[in-house]
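Work the whole structure out from these sequences, hints included.
Position one of the sequence shown corresponds to residue 1 (the numbering used here), numbered consecutively onward.
Don't read these hints as lab results, they were simulated from the structure. Computed from a predicted model, the values in this text were never measured in an experiment. Take these hints with a grain of salt, some might be off.
DEER-style ranges, computed between Cβ atoms [as the list claims (entries may be wrong)]:
#, residue 1, residue 2, range
1, Phe294, Leu9, 41 to 49 Å
2, Gly75, Ser136, 17 to 25 Å
3, Ala147, Met297, 18 to 26 Å
For each residue, glycine too, the CB sits at the ideal point set by N, CA and C.
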Amino acid sequence: MENWVGMVLLGVLGFVLGFALNHGSICTVIATRELVSEKRPARFIALVECAVWAALVYAILETPPFMHQGWSPLGYLIPAAVLFGLGTYVNGACVFGSVGHFGNGEIDFGFAFLGIFAVVYVESLLGLIPNQPPISASLPLGPGLLALGLLAILALRLGLSFRSESNILRLTLSMGATGIAFTNLAVFAPGFSVTASVGSIVSIPVAGAVILGCMFGGSLVSARFLNRRFMLKWPTIGAIVRRVLGGMLMGIGALLIPGGNDTLLMIGFPMGAWQAALAYVLFVATLAVLIAKFGSMARSWSRHRVGSSAVCGRSPSIRRRQYDRRGLNEPG
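Written out as structure tokens, the structure is:
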């Protein structure tokens, strides 16, 4: 009975997490592109806001952040962070963003998780990466200071995006829901991350499948809720190859750090780990350099109000057909 209740709880939390990721277009690639190409830092600040939400939940629950494997030495961590940044650029989305894109009917982003799974599965068979001892660290700040910091970050983001963002409340609620759901999953399923949920299908098939399935289900329901419709976009061979390759690069980077951008933000930052800060800065810097050099098609799909018939002068259906004809990915 207790196992059944626990699975239901994991499923509900996974669903909320997936819903929030799609609802707010939460993705480091989108945030970095807006920062580099449009000089708009608000969405990037929102990612830090999400990490503070996570820290606040840890503080309220009086549970320290926990990782099954500790941080790798710098000789592994630095190239791994660069590799993870390269993987997110090739894929066109981070692990958070891939869940969100999948909910929009862009099923090719599901192949990124297939690439991550392949890397995790091969490593589990061969044991190529030396295991580090598990770590846990108390929060450097108490709930009172974290709450004040959260209010300050909210005020800063709202001030920067008041005139340029039409869905401020949606992003705020989505970041809060992501931080709360993710942290509760990490508490009830120690060591959880979106990347680890893929790998956990190897070690704990039932729990990993429940979390991952409900997370994707929540993203799908969110897209249906926002758009009042569901448009399935069949992937091309080129898109599948790109997502699998990006997923494999992300998977290798996440194994070596260890952890993807979700682990760095939602576990590493709350515990005040300098390794998490260094890896995240290197990951984002790599992504920023690639975007500045080669550009990026990543766009927020939740910036504009639901029901708007035109964005930048074209309807979503017309834009989709135009990008399809050109062989490009439609902006998020």
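Consistency of the hints with the structure:
Checked against the hint of 41 to 49 Å, the pair Phe294 and Leu9 passes, with Cβ atoms roughly 43 Å apart. Checked against the given bound of 17 to 25 Å, the beta carbons of Gly75 and Ser136, roughly 24 Å apart, stay inside it. Judged by the Cβ atoms, the range 18 to 26 Å given for Ala147 and Met297 is violated: they are separated by roughly 38 Å.
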